[in-house]
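Number of protein chains: 6
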Amino acid sequence: MVRLSTGIPEFDKLIEGGIPQGFFVALTGEPGTGKSIFSESFIAEGLKEGDACIYVTTEESRDSIINQAKQFNWNFEDYLDKKLIIIDALMKEKEDEWSLSELSAEELVNKVIEAKQKLGKPRARLVIDSVSALFLDKPAMSRKISYYLKRVLYKWRFTILATSQYAITTSQAFGFGIEHVADGIIRFRRVVRDGELKRYILIEKMRQTNHDKYVWEIDIKPGKGIVLLGKINER
Amino acid sequence: MVRLSTGIPEFDKLIEGGIPQGFFVALTGEPGTGKSIFSESFIAEGLKEGDACIYVTTEESRDSIINQAKQFNWNFEDYLDKKLIIIDALMKEKEDEWSLSELSAEELVNKVIEAKQKLGKPRARLVIDSVSALFLDKPAMSRKISYYLKRVLYKWRFTILATSQYAITTSQAFGFGIEHVADGIIRFRRVVRDGELKRYILIEKMRQTNHDKYVWEIDIKPGKGIVLLGKINER
Amino acid sequence: MVRLSTGIPEFDKLIEGGIPQGFFVALTGEPGTGKSIFSESFIAEGLKEGDACIYVTTEESRDSIINQAKQFNWNFEDYLDKKLIIIDALMKEKEDEWSLSELSAEELVNKVIEAKQKLGKPRARLVIDSVSALFLDKPAMSRKISYYLKRVLYKWRFTILATSQYAITTSQAFGFGIEHVADGIIRFRRVVRDGELKRYILIEKMRQTNHDKYVWEIDIKPGKGIVLLGKINER
Amino acid sequence: MVRLSTGIPEFDKLIEGGIPQGFFVALTGEPGTGKSIFSESFIAEGLKEGDACIYVTTEESRDSIINQAKQFNWNFEDYLDKKLIIIDALMKEKEDEWSLSELSAEELVNKVIEAKQKLGKPRARLVIDSVSALFLDKPAMSRKISYYLKRVLYKWRFTILATSQYAITTSQAFGFGIEHVADGIIRFRRVVRDGELKRYILIEKMRQTNHDKYVWEIDIKPGKGIVLLGKINER
Amino acid sequence: MVRLSTGIPEFDKLIEGGIPQGFFVALTGEPGTGKSIFSESFIAEGLKEGDACIYVTTEESRDSIINQAKQFNWNFEDYLDKKLIIIDALMKEKEDEWSLSELSAEELVNKVIEAKQKLGKPRARLVIDSVSALFLDKPAMSRKISYYLKRVLYKWRFTILATSQYAITTSQAFGFGIEHVADGIIRFRRVVRDGELKRYILIEKMRQTNHDKYVWEIDIKPGKGIVLLGKINER
Amino acid sequence: MVRLSTGIPEFDKLIEGGIPQGFFVALTGEPGTGKSIFSESFIAEGLKEGDACIYVTTEESRDSIINQAKQFNWNFEDYLDKKLIIIDALMKEKEDEWSLSELSAEELVNKVIEAKQKLGKPRARLVIDSVSALFLDKPAMSRKISYYLKRVLYKWRFTILATSQYAITTSQAFGFGIEHVADGIIRFRRVVRDGELKRYILIEKMRQTNHDKYVWEIDIKPGKGIVLLGKINER
Ligand SMILES: Nc1ncnc2c1ncn2[C@@H]1O[C@H](COP(=O)(O)OP(=O)(O)O)[C@@H](O)[C@H]1O
Ligand SMILES: Nc1ncnc2c1ncn2[C@@H]1O[C@H](COP(=O)(O)OP(=O)(O)O)[C@@H](O)[C@H]1O
Ligand SMILES: Nc1ncnc2c1ncn2[C@@H]1O[C@H](COP(=O)(O)OP(=O)(O)O)[C@@H](O)[C@H]1O
Ligand SMILES: Nc1ncnc2c1ncn2[C@@H]1O[C@H](COP(=O)(O)OP(=O)(O)O)[C@@H](O)[C@H]1O
Ligand SMILES: Nc1ncnc2c1ncn2[C@@H]1O[C@H](COP(=O)(O)OP(=O)(O)O)[C@@H](O)[C@H]1O
Ligand SMILES: Nc1ncnc2c1ncn2[C@@H]1O[C@H](COP(=O)(O)OP(=O)(O)O)[C@@H](O)[C@H]1O
Ligand SMILES: [Mg+2]
Ligand SMILES: [Mg+2]
Ligand SMILES: [Mg+2]
Ligand SMILES: [Mg+2]
Ligand SMILES: [Mg+2]
Ligand SMILES: [Mg+2]
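Chains as they are written, first to last, in my numbering: chain A, 1 to 235; chain B, 236 to 470; chain C, 471 to 705; chain D, 706 to 940; chain E, 941 to 1175; chain F, 1176 to 1410.
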C-alpha cells in the first residue's frame, strides 16, 4: 500500500508512514486548532514530491492561504497553476479562472476535475477546506453530500483531506456526514487548561492501519508548522 | 437452538456459543470502533463453515472491504460470487451486477434476496453495514424502516448483523429504530482514557440467551482481527 | 380491591399483593431490561389462574415470544387460541387471523376487543409490548393515543401492562404520553457499574397502593424468569 | 385576606394559614408525587367547610378519584352533585352530564361555570388535574391557554389548584405556561436517594404571603393522606 | 447623568446612585424571585419623587399589584390615574380605560403613550411586567419586538424596567431578545441550598456605570420590600 | 504585515503588535463583557492615528456610544462626519443620513461603503456591533450572511471587528456563522466566581500570528477603558 507523507515526519510515523493513497480523511475540530495549517503542510509535501495538488478554500481567500503558508517557509506562489491550483470558493470573482461562482457540491467537483485535467497525470492530492461549508445551511443533506463527494472523487484517485468544523461553543459538528464515510478521522481539539489554550491531535480512525492511539499535544511554530510536543499523559 | 460462531471464539463463549440462527443483531458504536471488522470476521467464519454470505456496504467500496479483510488473513476474493456476494451500496456503478443504483430499503431488500437466490440453499449470513445509511436523511423513518427490514428479511431466514452509527460528538444514535426491534445489541465504544484511545465491547441484549454482562476491552490486531483483552474492571 | 399476581411472588409483595384489577400500568425502560419477560410472567400467571390473556407484540414475532417464554418453563403454545391470543403487530401476515395489517391505535383496539370476545367472559389480562410503537413516528401524538387507549380499553375491564421504550443513548422516553395517564409506573433500568451490566426495578407510582419504594436489583434466570436479588442499598 | 385550608394543618402553617382566596396555584411535579392526593385533600377540606367544590380530572376516571379519596377516609360519594361535582374530562361518556365531550380550554371553562351555577352561591374551590392535558399536543399554546384560564375563571371567584406534569425523564415541564401566570407554585418532587424513592414538597412562590422556604420530605399515609415528615436538612 | 433611585437605598449604592435616566433595564429571573416587588418599589419611589409612573401588568390583575404593594406600605390607590396608571394587559376588560384588548407590542406602546400624555410632563418611569408575555408564543420574534420597544419608547424618554421570565425548570430565558438590547441587566435567582430556598440578585450589566459585581442574598420583608442581606461569599 | 493597534497596548503585545490589516475579527461573548468598549477603544485609537473609522451600532443609539466613550476620555463628537461615522442601525430615524431604514446585510454593506467614500482614502477601520443582529431571526442564514459580509467588505480593505452575542443563559452563540469565517476570534467571558462577577479575555484564533494563549482577567476602569489585570492562573 502506498502512503503519502503529511510533511510532518513525527506524525507520519503514527500512521505507518502516511495517509494511504486514495483515502478520504476527515480533519475535524474547532476554529483555530490547526486544520488548515495541517492541510497546507500536506500540500507543501506534495509539491516537494512532485504531486499534483489542489486546495479548495471556502473560508479564506487564496491570498490568505498563500500568506499563511509562507510563514512556515512553504512557497506556494511558485507552483501556482503548474503543480498547484488553489480553488477559491469564497470570493466568487468572475474573472478568476479557479473561482467557484456558486458553492455547491456539483460545481466544486467539476472545478476539481477540471483542475486535475489541467495539472495532468501525476499522483494527486486534494484538500477541501472546509467541507462543512457545503451543507451548513442544509445540515440534513450532510450525509448525502458526503456520499456524493466520496463516490465521485474516488474514481479520480485523489488522496483527500477534508476539514470539518465543530461549533465553537458546543463542540458539536455541523452535520455528522463526513466522519461516517471517511476512511480516516483526525481530531483536532483546543482546550483551556489552567488558563492556557492548549491544542491536541488524535487519530480516531484510519482504516487498514495499525495507527497510534494517543492524544498528542501540538504546537504551531513560525517557520516550521505543526509540531508534536508529546503525548498528553507523559507531560 | 442453532448458534452461529462470530469467528471470535472468546466472544462466542460470552453468548452461549454464538448468534442464535435467525436473529437480527445490532452492532452500535462510533466510527472506528471495530464494527466493520467484527462483521467481516462473522463473514469469514461463515465462508469457512460453508454458509452463503452477503455483505452490504454503504460507506466503503467493495475493494475497501476486501483489502481490510486481507489484513486479517481473511481471503474474500476467492469466494466472491460463489459463496460471498458483496453488495456495493455506495458506488452506484451501473455496470456492476451487485451494486445498488439507489439506496433505499426496498432496493436493498430486493438485491439481498436476488443474491440469496444466486448463492443457493445453504444457511445464510447477512451483514448490513450500515443500516443507518438507510434513514440518515429521514431519522423519523428509522423505526418504520427497521420494522420493514426485520419483517421482510425474517422470512428469508437470514442471521443478520446490522451496524448502526453513533454520532461522534454526542454518542447519540442516528435514529433510534434499530435497537428497539433488534433481538440482540452489541455495543462498541471508544473512550479516551488518560490520553489513550481505548475500545470496548458489551453485550447489552441477546434474547433467549444467558449472556455475559461485562465490558471487555478489545484490540484490533494485524493478522488476527478483534481480540478480547480482558474485562475492564480486572485490568 | 382485587389484585392480580405478576407471577413473581416477591414482587407481588411490594404492591400489596399484585396489580389492582382494571389498572393500566406502564413498564418503562431501555432495551434488554426485562420488560417483555416481566410481561410474559404476568401472562403465564394469568393462564395458570384461568384468565383470558392477550399479548400484543410489536417488536418480536409470535414465535419469539413463545420461545423466550419456554426458556422459563412457561408453556404458551398449549393455551394458544384457547386462553391466550398473541396478536402479532409486526409481521403483518395476511393469512394470520391474529395479525394486524396496519399498526394503528384503532386497529389494535379493534383486534384486542375481537380477541376478548373470542376468549369469552373470564377476567382478562392484556399486554401491549410496546405501546411506543404506536407513536414513534409521531411522538407529538403520544398523549392523545395514550388517552384514547385508556379510555376505550377501560370499558372492557382489562388489567393492562404496556411497555414503553427508552432511548438507549439518552434514557429518554419516546413520547411522554403513557406515564402520565398510567395508574402505575414500573421502571426498569440497566446501568454499567464497575464494568458490569446491572439491572434494576423500581415502583415509581401505583395508585391506591402503599407500595414499596426501594430500587431492587434483578436477575433473569433460565428456567425461572425475573428474580429479585435484593435492595440496591443493601448489597 | 381570607385563606383556605388545604386540609393539611402543618402545611397551612407554612403559608400563613392557607391558600389566599381567589388565587390560582400551580402544583407541579412528576407522576406519583402526590399532586392528585394533595388536590383531593383540598377538596375534602372544602366539603367539610361547606364550600362548593369542583374537580376536573383529565387523567383518571371519576371512580378512580373517588376510590383513591376513600383510602384516606374522604367520602366524596355522599357529596356528589350536591356540594361536589367531578368533571370527567377523560372518559367522554356522552350520557354523563359532567363529562367533557372534547378536551379544550373553552369546553372546560363552560362546564366549570355550569357546575358552579348548579352548586350555587357559596365560596368555591376548583381543581384542574391536570392543566397540562390542555396543551400537551400544542405546547406552544400553553401560555395563551394559561392566560385564558386565569382571566376567565378569575371573574368567577374560584380558588384554584392546577396540577402541571413534569416529564418523568427530564424533569422538564410540558409547556411552561402555567407557572408564569400562577399566583403560587408548589413543587412536588421525587428523588431516588440511596436506592429509596423519597418525595418532597417546596413552596416556590406564594404572592402576598411570607411563606416557608424549606424543602419538606412528605409521606402518603393510608387513612391520612399527605403528611410532612420534616425539613430535608434536619433529617 | 441623572440617576433614578430604585427605592432600595442599599441597591442604589451599587449602581452609582440609581438607574441612569432613559435606560432600558432588564430584570430577569424565575417566578417568585422578586422581580415584580422590585418593580413596585421602583414605582413607589417614583410616586414619592413626583414622577409620572406607568406599570404594565401582563400576569397579574391590577388589584393583585395594588394589594401586593400595600403589604410593603406602598399606597398605590391614592395615586391612581393621577400620578400612576396601571395598564392591565391580562384581564382585557372592555369597559376599563387602561386595559389592553389585545396583547401586542403595538397596542402596548400606544396605550403607554396615551397614559404618558394623560399623566403630563414630569419625568416618567415605566415598568413592563413582563415583557416575555409579548413573545412567548413566538420566541423567534423576541429580538425584533425588543428592538421595536427600545426604539419607540426611547423617544418618549422613559426610564424602563422590563421583567423577563426564566423557565422554571431549565433556567433558560424565553427568547433571548431583551438582554441583548438592554442597557442594564439585573439578574434575580432562586436556588435551593441545603434544603432552603434562597434568593439572590446580581448586576450583570449597567452601561456607563462602574457598578458592583457581587452576588447579594436578598430577602422580601413584610412592610419593607426587598432587603439586601449581604454578599453571598461573606455569609 | 501591517498591524493596527487596539488602543490597549498590553493587548497589542499579545498579538504581535495589533490586528493584521484587512482581517475580519470576531469578538464573542455574553452581554456586559466589554465587547463594545473594546470596539470603541479600537476606534478611538484609529482616530488618533488618522484612520477613517466607521462604527455600526445595532443595539444602542449613537448617543449611547458617544456617552459611553466619553467616560473613558475618548472624544468621538469632535470627529463625527469628519473621520468618524457612526451608523445607527437601531433607531431608523428617517431624517438621519447615517441611519439604516432596514436592518439587512445588503443595506448595511451599502451604507458602510457610502460612509467609506465620504471619509475618503485613508486606512479604514470598521466595527459592526453586533453582527448577530443581522441573523437573529434567521439563525440558519448566519453563515451565508457571514460569507457575504466577508466577501464584499474584503474588497474595500477594511480592518473589521464584528461583535457576536452569546445567549446569556446557555453561553451558546446565536448562529455559528461568524467564528468560522473569521480570521481571528477574541472571546470575552463573564463568570461568577465565589459570588463575584469576573471578566476574562482569550485570543482563540488569529491567523498568521504567533499569539498569546492565556486567559486574562480584565477590568473596565473609568477614564481608562479595558485593562488587563493578569493571567488567570497567576492570580
Ligand atoms: N506564524 C505563526 N506562528 C505561530 N502560530 C501561528 C502562526 N500562524 C498561525 N498560527 C496559529 O495557527 C492558528 C490558525 O490555524 P488554522 O490551521 O488556520 O486553524 P483552523 O483551520 O483549524 O481553523 C492561529 O490561530 C494561530 O494560533
Ligand atoms: N491492520 C490493522 N491493524 C490494526 N488495527 C487496524 C488494522 N486495520 C484497521 N485497524 C483498526 O480498525 C479501525 C477500523 O475499524 P472498523 O471496523 O472499520 O470501524 P467501524 O466500522 O466501527 O467504523 C481502524 O481505525 C484501526 O484502528
Ligand atoms: N434464558 C435466559 N437466561 C438468562 N437471561 C435471559 C434468558 N433469556 C433472555 N435473557 C435475558 O433477557 C434479556 C431480554 O429481556 P427482555 O424482557 O426481552 O427485554 P426488554 O423487553 O426490556 O427489551 C436478554 O437480553 C437477556 O439478558
Ligand atoms: N393508600 C395509600 N397508601 C399509601 N400510599 C398511597 C396510597 N394510595 C396512593 N398512594 C401513593 O400515592 C401515589 C399517587 O399519588 P398521586 O397524588 O396520584 O400522584 P400524582 O397526582 O402526583 O401523579 C401512589 O404512587 C402511591 O405512592
Ligand atoms: N408580605 C410578604 N412578606 C414576605 N414575602 C412576601 C410577601 N409578599 C410576597 N412575598 C414574597 O414575594 C414573592 C413574590 O415575588 P414577586 O416579585 O411577585 O416575584 P416575581 O415577579 O419574580 O415572580 C412571593 O413568592 C413571596 O416569597
Ligand atoms: N464608566 C465605567 N466604569 C466602569 N465600568 C464601566 C463603565 N462604563 C461601563 N462599564 C462596564 O462596562 C459594561 C458594558 O460593557 P460593554 O462593552 O457595553 O459590554 P458588551 O458590549 O460586551 O455587552 C458595563 O456593564 C459596566 O460593567
Ligand atoms: Mg481553517
Ligand atoms: Mg464501518
Ligand atoms: Mg421487549
Ligand atoms: Mg395525578
Ligand atoms: Mg412577577
Ligand atoms: Mg455591546
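Treat the hints with care, since some could be wrong.
Heads up, simulated SDA-like pairs for lysine to any residue below, C-alpha to C-alpha not over 20 Å straight-line [claimed, not checked]:
no., chain 1, residue 1, chain 2, residue 2
1, C, K625, D, K787
2, D, K936, E, K1010
3, D, K860, E, L1137
4, C, K562, B, Q352
5, E, K1171, E, R1129
6, D, K787, D, K843
7, D, K860, D, P827
8, B, K390, B, P374
9, B, K448, B, P244
10, F, K1319, A, G22
11, F, K1330, A, S61
12, F, K1319, A, P139
13, D, K849, E, V1132
14, E, K1022, E, S1044
15, E, K1171, E, V1132
16, F, K1223, F, Q1243
17, B, K318, B, F370
18, D, K849, E, K1034
19, E, K1153, F, D1387
20, D, K843, C, F542
21, F, K1313, E, K1022
22, F, K1269, F, Q1243
23, A, K144, B, K305
24, B, K373, C, D607
25, F, K1373, F, D1394
26, F, K1313, F, Y1329
27, E, K1022, E, D1077
28, E, K1084, F, E1281
29, D, K860, E, K1022
30, E, K1010, D, D801
None of these hints come from the bench; they were simulated from the model.
Going through the hints against the structure:
no. : hint              : result
1   : C:K625 - D:K787   : violated, 27 Å
2   : D:K936 - E:K1010  : violated, 31 Å
3   : D:K860 - E:L1137  : violated, 33 Å
4   : C:K562 - B:Q352   : violated, 24 Å
5   : E:K1171 - E:R1129 : holds, 14 Å
6   : D:K787 - D:K843   : violated, 35 Å
7   : D:K860 - D:P827   : holds, 15 Å
8   : B:K390 - B:P374   : violated, 25 Å
9   : B:K448 - B:P244   : holds, 17 Å
10  : F:K1319 - A:G22   : violated, 32 Å
11  : F:K1330 - A:S61   : holds, 11 Å
12  : F:K1319 - A:P139  : holds, 13 Å
13  : D:K849 - E:V1132  : violated, 29 Å
14  : E:K1022 - E:S1044 : violated, 26 Å
15  : E:K1171 - E:V1132 : holds, 17 Å
16  : F:K1223 - F:Q1243 : holds, 18 Å
17  : B:K318 - B:F370   : violated, 29 Å
18  : D:K849 - E:K1034  : holds, 19 Å
19  : E:K1153 - F:D1387 : violated, 27 Å
20  : D:K843 - C:F542   : violated, 45 Å
21  : F:K1313 - E:K1022 : violated, 44 Å
22  : F:K1269 - F:Q1243 : violated, 24 Å
23  : A:K144 - B:K305   : violated, 29 Å
24  : B:K373 - C:D607   : holds, 11 Å
25  : F:K1373 - F:D1394 : holds, 8 Å
26  : F:K1313 - F:Y1329 : violated, 24 Å
27  : E:K1022 - E:D1077 : violated, 34 Å
28  : E:K1084 - F:E1281 : holds, 18 Å
29  : D:K860 - E:K1022  : violated, 27 Å
30  : E:K1010 - D:D801  : violated, 47 Å
When each numbered hint is compared with the structure, violations occur for hints 1, 2, 3, 4, 6, 8, 10, 13, 14, 17, 19, 20, 21, 22, 23, 26, 27, 29 and 30.
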